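Asks: If you want the building blocks of each chain, they are given just below.
Protein chains: 2
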Amino acid sequence: MELLKERILKDGLVKPGNVLKVDSFLNHQMDIDLINEIGKEFRRRFPSDKITKILTIEASGIGIACIAAQYFNVPVVFAKKSQSINLDGDIYSTKVESFTHKKVYDVILSKKFLDSNDHVLVIDDFLANGCALMGLIDLIHKAGATIEGAGIVIEKGFQQGGDMIREKGIHLESLAIIKSMTDTSLEFE
Amino acid sequence: MELLKERILKDGLVKPGNVLKVDSFLNHQMDIDLINEIGKEFRRRFPSDKITKILTIEASGIGIACIAAQYFNVPVVFAKKSQSINLDGDIYSTKVESFTHKKVYDVILSKKFLDSNDHVLVIDDFLANGCALMGLIDLIHKAGATIEGAGIVIEKGFQQGGDMIREKGIHLESLAIIKSMTDTSLEFE
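Line by line, the protein sequences are chains A and B. With the numbering used here, the residue at position 72 of the first sequence is 72, and numbering never jumps. With the numbering used here, the residue at position 130 of the second sequence is 319, and numbering never jumps.
By construction, these hints were calculated from the structure, which means they are not laboratory data. As the structure is a prediction and not an experimental result, all values here were calculated from the model. Among the clues, some could well be false.
To be verified - Dumping the calculated DSSO-like pairs for lysine-lysine here, alpha-carbon to alpha-carbon at most 30 Å:
(1) B:Lys270 - A:Lys95
(2) A:Lys112 - B:Lys239
(3) B:Lys300 - A:Lys111
(4) A:Lys10 - B:Lys300
(5) B:Lys284 - B:Lys357
(6) A:Lys10 - B:Lys239
(7) A:Lys50 - A:Lys15
(8) A:Lys103 - B:Lys301
(9) B:Lys194 - A:Lys112
(10) A:Lys111 - B:Lys291
(11) A:Lys112 - A:Lys5
(12) A:Lys21 - B:Lys300
(13) B:Lys194 - B:Lys300
(14) B:Lys291 - B:Lys239
(15) A:Lys103 - A:Lys21
(16) A:Lys102 - A:Lys10
(17) B:Lys204 - A:Lys142
(18) A:Lys15 - B:Lys300
(19) B:Lys210 - B:Lys291
(20) B:Lys301 - A:Lys179
(21) B:Lys292 - A:Lys102
(22) A:Lys102 - B:Lys284
(23) B:Lys229 - A:Lys40
(24) B:Lys357 - B:Lys199
(25) B:Lys301 - A:Lys112
(26) B:Lys270 - A:Lys102
(27) B:Lys199 - A:Lys142
(28) B:Lys284 - A:Lys95
(29) A:Lys15 - A:Lys102
(30) A:Lys95 - B:Lys291
(31) A:Lys102 - B:Lys300
(32) B:Lys210 - A:Lys111
(33) B:Lys291 - A:Lys102
(34) B:Lys194 - B:Lys210
(35) A:Lys112 - B:Lys199
All chains should be built: construct the whole structure from the sequences, respecting the hints.
Replies: Here you go:
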């Protein structure tokens with residue numbers, strides 16, 4: 001998606017440890033016009049009328065999923081990163097290792113909001129080592145629901161997550177795939 | 190807002206400890222059509238053209254803020270609940286006590302995304318004791334920005350947060366204010 005790639009080149013910052021900061025438009029401050037274009041592009045790439053739910057994970061996936069959901073006319077469900085007293089005991093849970101925070105956390109989803117009738121599109125901002133996405137896929141499997149695909153805004157193509165997901169036969173669409181990045185250059189696939 | 194009140198009466202659940210669960214449409218599963226109506230209503234109640242940013246706090250405020258932002262044509266900035274290695278050291282921070290999780294956490298915001306030129310509308314899903322909203326107001330003060338108002342989806346009118354905010358002279362609009370709730374009844378103001 002050219003508009004997105006141009007924006008990453010213009011406003012993205014590469015930090016030590018293979019960290020790409022896009023916090024001025026995607027995951028701290030959010031450019032809603034850009035995210036609307038991202039939502040439309042996800043719809044173009046996943047035209048199926050079977051999709052019943054969009055699943056994402058808190059926090060930065062939520063805004064993107066909500067804007068995108070307007071083009072799919074389905075509800076958003078977001079998985080939560082730790083037990084809350086506001087959630088029933090009746091939950092699916094999985095463990096996810098965070099690349100950013102260097103720790104393992106529990107990811108939970110109320111059983112009420114995903115079942116075997118659901119056809120699920122996963123949406124998230126980043127795909128790197130694939131841990132968050134694998135966790136969401138595990139939750140979908142536990143619910144007996146069908147995965148229609150995964151839509152990612154930015155994939156770090158030099159990490160293994162994308163290959164891992166594609167090898168499972170999952171329809172993965174990443175709107176920008178980064179081939180390599182250093183302090184002074186950033187190349188897309 | 191009648192549509193919202195009807196939905197709370199239909200799908201909200203009161204749990205022990207004055208917890209109102211609206212997780213089937215607002216803060217775990219999200220009904221995007223309803224949230225679009227909520228966004229339009231916030232715009233109707235805050236018609237000012239001075240607003241430059243919508244500020245919210247992760248996680249459940251983000252989706253509501255992003256959908257609402259489409260009616261304001263401004264970016265969303267969301268405050269984060271703990272230090273992340275993806276954030277610069279150059280941050281505003283404040284402490285917030287969580288009613289739901291019974292703990293105090295740090296809330297942070299990159300200085301890049303809020304300054305003295307900004308006129309800020311705060312949006313969040315709940316207002317109860319007011320701790321989260323007071324934290325966001327503190328961040329706005331630290332940035333030297335102007336508070337244009339606060340838009341809340343559900344206010345627990347029997348807790349002190351709403352009065353505390355109104356006494357500060359802040360333009361507070363809550364789309365549903367709960368006067369009282371028990372296992373068997375829920376009344377709005």
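Asks: Take the hints in turn and mark each one as holding or not.
Replies: We went through each hint and held it up to the structure:
The straight-line distance between the Cα atoms of Lys270 of chain B and Lys95 of chain A is roughly 20 Å, inside the 30 Å bound, and the hint therefore holds. With a C-alpha separation of about 41 Å, the suggested pair Lys112 of chain A and Lys239 of chain B falls outside the 30 Å cut-off, and the hint is violated. Between Lys300 of chain B and Lys111 of chain A, the direct Cα distance comes to roughly 39 Å. Violation of the 30 Å bound is thereby established for this hinted pair. Pair hint Lys10 of chain A plus Lys300 of chain B holds up; C-alpha atoms about 20 Å apart against a cutoff of 30 Å.
A threshold of 30 Å between alpha carbons decides the hint, and for Lys284 of chain B with Lys357 of chain B the separation of about 19 Å falls inside it, so the pair holds. Among the hinted pairs, Lys10 of chain A with Lys239 of chain B is consistent with the structure: their alpha-carbon atoms are about 27 Å apart, no more than 30 Å. Distance check on the hinted pair: Lys50 of chain A and Lys15 of chain A sit about 40 Å apart at the alpha-carbon level, beyond 30 Å; violated. A distance of roughly 27 Å separates the Cα atoms of Lys103 of chain A and Lys301 of chain B; the hinted pair therefore holds under the 30 Å criterion.
Restraint check: the Cα-Cα separation between Lys194 of chain B and Lys112 of chain A comes to about 22 Å, which is no more than 30 Å; the hinted pair holds. A hinted pair counts as satisfied when its Cα atoms are at most 30 Å apart, and Lys111 of chain A with Lys291 of chain B qualifies at roughly 24 Å. At roughly 38 Å between alpha-carbon atoms, Lys112 of chain A and Lys5 of chain A are farther apart than 30 Å, so this suggested pair is violated. Straight-line distance between C-alpha atoms of Lys21 of chain A and Lys300 of chain B comes to about 15 Å, which keeps the hinted pair within the 30 Å bound.
With a C-alpha separation of about 37 Å, the suggested pairing of Lys194 of chain B with Lys300 of chain B is violated against the 30 Å cut-off. Distance check on the hinted pair: Lys291 of chain B and Lys239 of chain B sit about 36 Å apart at the alpha-carbon level, beyond 30 Å; violated. Between Lys103 of chain A and Lys21 of chain A the alpha-carbon distance is near 19 Å, which keeps this suggested pair within the 30 Å criterion. Proximity of Lys102 of chain A to Lys10 of chain A is assessed by CA-CA distance (about 28 Å); at most 30 Å being required, the pair is judged to hold.
Distance hint between Lys204 of chain B and Lys142 of chain A is fulfilled; the C-alpha atoms sit about 27 Å from each other, no more than 30 Å. The straight-line distance between the Cα atoms of Lys15 of chain A and Lys300 of chain B is roughly 18 Å, inside the 30 Å bound, and the hint therefore holds. For the suggested pair Lys210 of chain B and Lys291 of chain B, the alpha carbons sit about 17 Å apart, so the restraint of at most 30 Å is met. Among the hinted pairs, Lys301 of chain B with Lys179 of chain A is consistent with the structure: their alpha-carbon atoms are about 28 Å apart, no more than 30 Å.
Taking the CA atoms of Lys292 of chain B and Lys102 of chain A, the gap is near 22 Å; set against the 30 Å cutoff, the hint holds. At roughly 23 Å between alpha-carbon atoms, Lys102 of chain A and Lys284 of chain B fall within 30 Å of each other, so this suggested pair holds. Proposed proximity of Lys229 of chain B and Lys40 of chain A is supported: the alpha carbons are some 21 Å apart, at most 30 Å. Proposed proximity of Lys357 of chain B and Lys199 of chain B is contradicted: the alpha carbons are some 34 Å apart, above 30 Å.
Our distance criterion of 30 Å between C-alpha atoms is broken by Lys301 of chain B and Lys112 of chain A, whose separation comes to about 40 Å. For the hint linking Lys270 of chain B to Lys102 of chain A, the alpha-carbon distance of about 16 Å falls within 30 Å, and the restraint holds. This hinted pair checks out: Lys199 of chain B and Lys142 of chain A have alpha carbons roughly 29 Å apart, not beyond 30 Å. For the hint linking Lys284 of chain B to Lys95 of chain A, the alpha-carbon distance of about 28 Å falls within 30 Å, and the restraint holds.
For the hint pairing Lys15 of chain A with Lys102 of chain A, the CA-to-CA distance comes to about 16 Å; that is within 30 Å, so the pair holds. Between Lys95 of chain A and Lys291 of chain B, the direct Cα distance comes to roughly 23 Å. Compliance with the 30 Å bound is thereby established for this hinted pair. Distance check on the hinted pair: Lys102 of chain A and Lys300 of chain B sit about 24 Å apart at the alpha-carbon level, within 30 Å; holds. Between Lys210 of chain B and Lys111 of chain A, the direct Cα distance comes to roughly 15 Å. Compliance with the 30 Å bound is thereby established for this hinted pair.
Annotation: proposed proximity of Lys291 of chain B to Lys102 of chain A holds, straight-line Cα distance about 25 Å (limit 30 Å). Restraint check for Lys194 of chain B and Lys210 of chain B: the C-alpha separation of about 14 Å stays at or below 30 Å, so the hint holds. Pair hint Lys112 of chain A plus Lys199 of chain B holds up; C-alpha atoms about 16 Å apart against a cutoff of 30 Å.
Going through the hint list in order, the structure does not satisfy hints 2, 3, 7, 11, 13, 14, 24, 25.
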